[in-house]
Structure formats: C-alpha cells, structure tokens
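S.K.: From first to last, the protein sequence lines are chains D and C.
Counting in the working numbering, the first sequence runs from 388 upward without gaps.
Counting in the working numbering, the second sequence runs from 388 upward without gaps.
Keep in mind the hints are simulated off the structure, nothing from the lab.
Heads up, some of the hints might be wrong.
The list makes no distinction among identical chains, and a pair is therefore deemed to hold if it is satisfied within one copy or across any two copies.
As the list claims (entries may be wrong) - Lysine to aspartate or glutamate pairs mimicking EDC-like chemistry, simulated, CA-CA at most 20 angstroms apart:
no., residue 1, residue 2
1, K526, D513
2, K611, E504
3, K433, E703
4, K599, D622
5, K575, D598
6, K575, D530
7, K611, D622
8, K702, E739
9, K514, E680
10, K497, D620
11, K433, E391
12, K447, E457
13, K500, E512
There are 2 protein chains.
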Amino acid sequence: MFNERIYNFSAGPSMLPLPVLEQAAAEMTNYRGSGMSVMEMSHRSKAYLSIFEETKADFKRLLAVPDTHEILFMQGGATLQFAAVPMNLIGTTGKADYANSGNFANLAAKEAKKYGEVRIAASSEDKNHTYIPAQSALKISPDAAYFHYCANNTIEGTEWKYIPATGGVPLACDMSSNIMSKPVDVSKYGVIYAGVQKNMAPAGMAVVILDKKLAGKELAYTPKLMSYQVLLDSDSMHNTPPCYTIYMLGLVLKWLDRQGGLAGMEKIKAERAKILYDYLDGSPLFKGCASPEARSDMNVTFRTGNEELDAKFAKEAAAAGFENLKGHRNVGGMRASIYNAMPTEGVVKLVEFMKNFELKNK
Amino acid sequence: MFNERIYNFSAGPSMLPLPVLEQAAAEMTNYRGSGMSVMEMSHRSKAYLSIFEETKADFKRLLAVPDTHEILFMQGGATLQFAAVPMNLIGTTGKADYANSGNFANLAAKEAKKYGEVRIAASSEDKNHTYIPAQSALKISPDAAYFHYCANNTIEGTEWKYIPATGGVPLACDMSSNIMSKPVDVSKYGVIYAGVQKNMAPAGMAVVILDKKLAGKELAYTPKLMSYQVLLDSDSMHNTPPCYTIYMLGLVLKWLDRQGGLAGMEKIKAERAKILYDYLDGSPLFKGCASPEARSDMNVTFRTGNEELDAKFAKEAAAAGFENLKGHRNVGGMRASIYNAMPTEGVVKLVEFMKNFELKNK
Numbered sequence: 388m389f390n391e392r393i394y395n396f397s398a399g400p401s402m403l404p405l406p407v408l409e410q411a412a413a414e415m416t417n418y419r420g421s422g423m424s425v426m427e428m429s430h431r432s433k434a435y436l437s438i439f440e441e442t443k444a445d446f447k448r449l450l451a452v453p454d455t456h457e458i459l460f461m462q463g464g465a466t467l468q469f470a471a472v473p474m475n476l477i478g479t480t481g482k483a484d485y486a487n488s489g490n491f492a493n494l495a496a497k498e499a500k501k502y503g504e505v506r507i508a509a510s511s512e513d514k515n516h517t518y519i520p521a522q523s524a525l526k527i528s529p530d531a532a533y534f535h536y537c538a539n540n541t542i543e544g545t546e547w548k549y550i551p552a553t554g555g556v557p558l559a560c561d562m563s564s565n566i567m568s569k570p571v572d573v574s575k576y577g578v579i580y581a582g583v584q585k586n587m588a589p590a591g592m593a594v595v596i597l598d599k600k601l602a603g604k605e606l607a608y609t610p611k612l613m614s615y616q617v618l619l620d621s622d623s624m625h626n627t628p629p630c631y632t633i634y635m636l637g638l639v640l641k642w643l644d645r646q647g648g649l650a651g652m653e654k655i656k657a658e659r660a661k662i663l664y665d666y667l668d669g670s671p672l673f674k675g676c677a678s679p680e681a682r683s684d685m686n687v688t689f690r691t692g693n694e695e696l697d698a699k700f701a702k703e704a705a706a707a708g709f710e711n712l713k714g715h716r717n718v719g720g721m722r723a724s725i726y727n728a729m730p731t732e733g734v735v736k737l738v739e740f741m742k743n744f745e746l747k748n749k
Numbered sequence: 388m389f390n391e392r393i394y395n396f397s398a399g400p401s402m403l404p405l406p407v408l409e410q411a412a413a414e415m416t417n418y419r420g421s422g423m424s425v426m427e428m429s430h431r432s433k434a435y436l437s438i439f440e441e442t443k444a445d446f447k448r449l450l451a452v453p454d455t456h457e458i459l460f461m462q463g464g465a466t467l468q469f470a471a472v473p474m475n476l477i478g479t480t481g482k483a484d485y486a487n488s489g490n491f492a493n494l495a496a497k498e499a500k501k502y503g504e505v506r507i508a509a510s511s512e513d514k515n516h517t518y519i520p521a522q523s524a525l526k527i528s529p530d531a532a533y534f535h536y537c538a539n540n541t542i543e544g545t546e547w548k549y550i551p552a553t554g555g556v557p558l559a560c561d562m563s564s565n566i567m568s569k570p571v572d573v574s575k576y577g578v579i580y581a582g583v584q585k586n587m588a589p590a591g592m593a594v595v596i597l598d599k600k601l602a603g604k605e606l607a608y609t610p611k612l613m614s615y616q617v618l619l620d621s622d623s624m625h626n627t628p629p630c631y632t633i634y635m636l637g638l639v640l641k642w643l644d645r646q647g648g649l650a651g652m653e654k655i656k657a658e659r660a661k662i663l664y665d666y667l668d669g670s671p672l673f674k675g676c677a678s679p680e681a682r683s684d685m686n687v688t689f690r691t692g693n694e695e696l697d698a699k700f701a702k703e704a705a706a707a708g709f710e711n712l713k714g715h716r717n718v719g720g721m722r723a724s725i726y727n728a729m730p731t732e733g734v735v736k737l738v739e740f741m742k743n744f745e746l747k748n749k
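Chain D on its own, in the form it takes in the complex (with noise of 0.2 angstroms):
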C-alpha cells in the first residue's frame, strides 16, 4: 500500500502528470457547469466540440504541423495502423519499404504483408537491434509506395536521432514512444501516427498525422473506420470518437504548454535521460544495452549481466516505489522507460537507489 504517489517506469500504458490527473478529478461530476462529465457528452454537442477543436489546435500548435497535413483521432492504438497504413497508402504501387530496427518495427512489416510486397529496406536484427541502421544502409527503392520506420523503439531502447531521406517516397513512421518529446519537422513526413498511452494520454487511441495529398487511395476493402479519407471527411467523427481520452490529450497538452512546449521538454528530456545514462557508463554493475549513439531517451535499457540479480533489482526497485523496471520479456534485463511525464527527481531518486543497490550487491 502506497499513501503517496509511487514513480511508475512502465512503458505504457505509463505515468500522466499529476497536475492533470487532479484537474480531471475535480472535473468529474460536473465539467466546468456543463452539469455533466465529460463521459457523458454527446460527441456533437457544442460542449464537447469545443474541447475538440481546442485539444486539435493545441496539438497542431505544438508539434507545428503545417497546413499540409491534419490530424486523425483513430482507434486501436498503433497496432490498427500497422494494417491502416498500408491499406491506406500500398495500393499506389503494391510495394512498400519497412526498416526492422526492433520489434513493433517488425510487427508493422508483418501486418503490412497481407495488403502488399513488403521489401526490407535495413534491418538491425543481427545484433539484437541494439543499433540503429544510418542512413547509408536504407535501401529505399523509388517505386516504394511509402518507406515505414519506428521512430523509438520502446523494447530495446533504441532511438532514430535522424529523418530518413527517402528520394521521394512519402515517409510513414511509428511515434508512438517518442512523439511529442521534442520538435519534429512534420513536413517530412507522409504519415505519422502514434498510439497515445506513452506520452499523451490513457490508452485507446492513435493520432495519426497525414499529409492530406496521400489520402483516397485506400484499397476497397478497407473498413470506413480505418479509411483516411473517411476520416478526414468526418473531423475524426465518422462514428463517436473516444471523446474522454481525447480530453485527457487536451488536459496533457496544456501541461506540455506550462513545460515549455516541445523546445522546453526536449530540454527536460535530454538532461532527464543524461543523469541516468551518466551513471550507466560508470556504473561497475549496471550496463547500458544500447549501443551508446542510438540511445533512447525515453526508454533505458540496462542490465547487470546476471539473471538472479536483475530479478532481485526489480522487485527490491518496486517495493521502493520504483515500479515497472523489469524488461520486456523478449530481451529480459531492466528497462526505465522516462516519458514526459517521469518528474526529473523520480531519475535522481532511482539513481540513488541503484547506487545503494550496487553497494550491497557487487
């Protein structure tokens, strides 16, 4: 039993802000004299709609996505779009490029087979995709309908800290572990989507930002949910969208405002990330898994190099209130995933505790 609030590293669904956990709370019962919850509004009510189109201008404000493109409230979370963005986007040409840099990247090849050829572009699977392909190693074909990366790779720990250049062919990535850490330059991109329970809000949901000149062509047994077009046509209200997570977002995006916006957070983030990386690298015990220049700053994996140990790190770890630190069961080892919302103290904090840890352990 926990009175206080405990320091969750999971890698989501994962930790809101406070701030905003206690704003919805006190807005339950009766959000702002609407005399209801935001659950219970109609999604065409003039209530409703307002915190719609605030939460979609406070996204585009701060991610700085052009007029070329408009946002998607979808369902299903990324794993939907590993099959929307393909039924949405092969049909041009039939083919599509995919680099397998870890595995959600390799799961979004898999699912994209069923619509077209899928051809891997780069693969960092021969070591355990602890490294980023360069771009020197993309082997992009012009007659790719789009080229699909992973822009964060929450299992392994891995981070693209570079757009791909593609000579032309439309860019569709997964943000869903990385997005709204730092700026990004959206025009580069055909799509880009990203399931919200890491960074943005409870699970349920994808937003998927599309260049709107890729939309139309989707294959004729696409289902009118996953349908770009569709979605576009409708404002994302084709059917009753998930009008309370897309309130969460609104909440979490006006906390992102008072950290600075993107500039500020990628600030927070890279001195977030460096504190524990720092110790990593000159821990005895401890040791990094990814190869140092494609670190993740939102997911840290690391390892003692001792099963036993590891198993007995993480659940000393969480009766500390350090929860969630185990790794994925694919790649074993710990893992602290430090989104935006992780206060920098609860890094300081777990350091600390590493450090005891290593004292009594070595």
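Got chain D sorted already, so can you dock chain C onto it with the hints?
M.R.: This is chain C only, laid out in the frame that chain D set:
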C-alpha cells in the same frame, strides 16, 4: 452554468451513474494504494489484471454468458464491428442476410457488402422504420453465413421484442443501445456486439460476445486487431486495450449489481419508459413516433407535428436542465434517450415539464 448535475437525454455518449463518477474521481490519483491512477497502470501488471479479470467475470455473470461464449474488448465501437463481423464470419459461405430496421442496421449491411454478398432479409423502410419486421417477414436463407439485426434502433426509437429464429443460421446482433437493460439468452447468438457509450461506459470500446466455435475463419486480409481468433487467443490483449474504459465498465457493472442485476434493471427500465409513453398516449400536443408494439424502452421518439414548436421545446427544455432532447437530424422531432443511468425521477420531471409546455403552447 449548472451548479447541479442535469438530466442528460443524449443518445450516446450518455449519462453514467453518479456514484460511479464519484468513485472514479476519488480513485483518480492513487487507485487503492497502488500509488498510481488506473490510467497509468501497465496493462500487464497484477494491479490492472485484477481489475480486468473482475470486470470480465462480472460481465459474464450479469449477462449469464455461457461457457460456449467468450467476451472480447475491442476498439472502434460498433462501427468497426460492422466490418469485423463479415471479415470474421462471412467467409464460410460468402453470403449473409441482414434485416434493415433502421439507420445503423442499414449502415452495417452496407459495410458488409465489401466482404461478400449481402441480402436484405427484411426491411421496415416502407414506413420510415417506425416498426420492427415480424418473424414471418424474415427471409433467411440456409446458405447465409449469419443473419444480422440491430436489437434497438436508437434514431427511430424501435426495439425488437423477440429473438429471431433463423433455422440454424448463426445470429449476429448489434445491441449497442439496449445491452444490459434486461436479461438476454446469449446462447441463441453467434455474436453480439455493443458500443459501450450508451449503457455501459465512456465511448471508445465495443464488447463482443462470441460463440467461440465461430472464430478462426476470418478473411485473409483481416487486420490482426480485428480477428476474433487473435483477440480470443490474447484475452483481448493483443495490444494495449482501452484500460480505463474497462475500469469504468467495471464500476458500472458493480452499480448494476446494486440495482438488482439485469432482472432489476428490466423492471426499472420498463417502469421508466411507461411513464413517458403513458403521458405521450394521452397528450393533446406530443405524439410518439414509433408503432406502439415496437416502442423502444431506451430511446423514446416523439414530436408535436410542428417543427418550430419542436425546436422551441428542445431549447426551453435544455435551459431547464433537460439536455439533448432534439431528435436525430435524419428524422427530426424529439428523442429522449433513457438508458440505464437515467434516474426514473428524471423522466418524472421531464413529463412535468412537458405538461407545463403543453399548457402554455396549446
């Protein structure tokens, strides 16, 4: 500005029980000593799995779901099921029969045409869907992979009062707007689905109740997240489910228990609807739209016969704290959606308001 909660007659999203909202608010920042919000929990954590399993068990108990069937939590609402049902079931014969008893029933049939041959087994279009086709009018062929109907027509205010006999053809049913309002013999159905945003939880999920023997026959291009077999095999956790929506569903199910379960709810909803229909039957001003034998206990449609007066009524009612009484744009008039969470008192007070309006506008 309303300092108190109002009576919200929205067709969905719609009212939730106040004690449920109060509990959600109280548990928002620290769920029962976990040190975190339910929104922040890893979907694989013990704390969350306990919520998930209890919700599933309560759902099955309340609706008396037999062991032959399993429940699945899926994203995309009922609309994505309009595609998922044929993608999963139509492959066995390539043909399916649909009853067109209203707007959403018709949308389901249209979407299914992408996946096979769709035949209209019955229609109430000749009288603007103000009635429900009789059993004797259903033309169900033995070679249909399934027969689909919509149990309650939200827009038109009609409700099927019988379970169609199909001669062995699997029965598929959209119960979005009357699920959990009364006991149902689940064993008669191949698949039941329902968007949760009317009687069960905030928007952003559908519950699917599936006869397990129907799974595993999906079309080759079915997205993994829409495959009933994949969802069955992963216990609805192929990807991160809409965790908080499931938690809210769980709170609503506990509240349903306190109303006497579905037998108790059936009594409450019948009495609540009768108050409004009895008044309509005697009113010189307001007239019910649906054929009396097909009237829905969830959505009560009515009109004055004068569009200006209808608009005046909806506006004055909203100002008095009776929100969302305007009928759907397809049919006009008025609609009072009186789902499970609408207190009977809300209908009593609405009838008082209508009587006063009648006196002033005769």
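S.K.: Each hint needs a verdict: does it hold in this structure or not?
M.R.: Hints, verified against the model:
1. Taking CA atoms no more than 20 angstroms apart as the test, K526 paired with D513 passes inside one copy only; the shortest distance there is 16 angstroms, against 59 angstroms between copies.
2. In this assembly of identical chains, the alpha carbons of K611 and E504 lie at most 20 angstroms apart only when taken from different copies (18 angstroms versus 23 angstroms within one copy).
3. Only between protomers do K433 and E703 lie at most 20 angstroms apart by alpha-carbon distance; the minimum there is 16 angstroms, versus 50 angstroms within a single protomer.
4. In this assembly of identical chains, K599 and D622 lie within 20 angstroms of each other by CA distance solely inside one copy; the values are 12 angstroms within and 36 angstroms between copies.
5. In this assembly of identical chains, K575 and D598 lie within 20 angstroms of each other by CA distance solely inside one copy; the values are 9 angstroms within and 47 angstroms between copies.
6. Taking identical chains as interchangeable, the C-alpha atoms of K575 and D530 lie at most 20 angstroms apart only when both belong to the same chain, with a minimum of 18 angstroms there against 51 angstroms between chains.
7. Taking the shortest Cα distances, K611 and D622 sit within 20 angstroms of each other inside one copy (13 angstroms), while across copies they are farther apart (26 angstroms).
8. For the identical chains of this complex, K702 and E739 are intra-copy neighbours only, at 16 angstroms inside a copy versus 61 angstroms across copies, given an alpha-carbon limit of 20 angstroms.
9. In this homomeric assembly, K514 and E680 come within 20 angstroms of each other (Cα to Cα) only inside a single copy, at 14 angstroms, whereas the closest approach across copies is 69 angstroms.
10. Taking the shortest Cα distances, K497 and D620 sit within 20 angstroms of each other only across copies (18 angstroms), while inside one copy they are farther apart (29 angstroms).
11. Taking the shortest alpha-carbon separations for K433 and E391, only the inter-copy value of 19 angstroms comes in at or below 20 angstroms, while the best intra-copy value is 38 angstroms.
12. Taking the shortest alpha-carbon separations for K447 and E457, only the intra-copy value of 8 angstroms comes in at or below 20 angstroms, while the best inter-copy value is 41 angstroms.
13. For the identical chains of this complex, K500 and E512 are intra-copy neighbours only, at 19 angstroms inside a copy versus 42 angstroms across copies, given an alpha-carbon limit of 20 angstroms.
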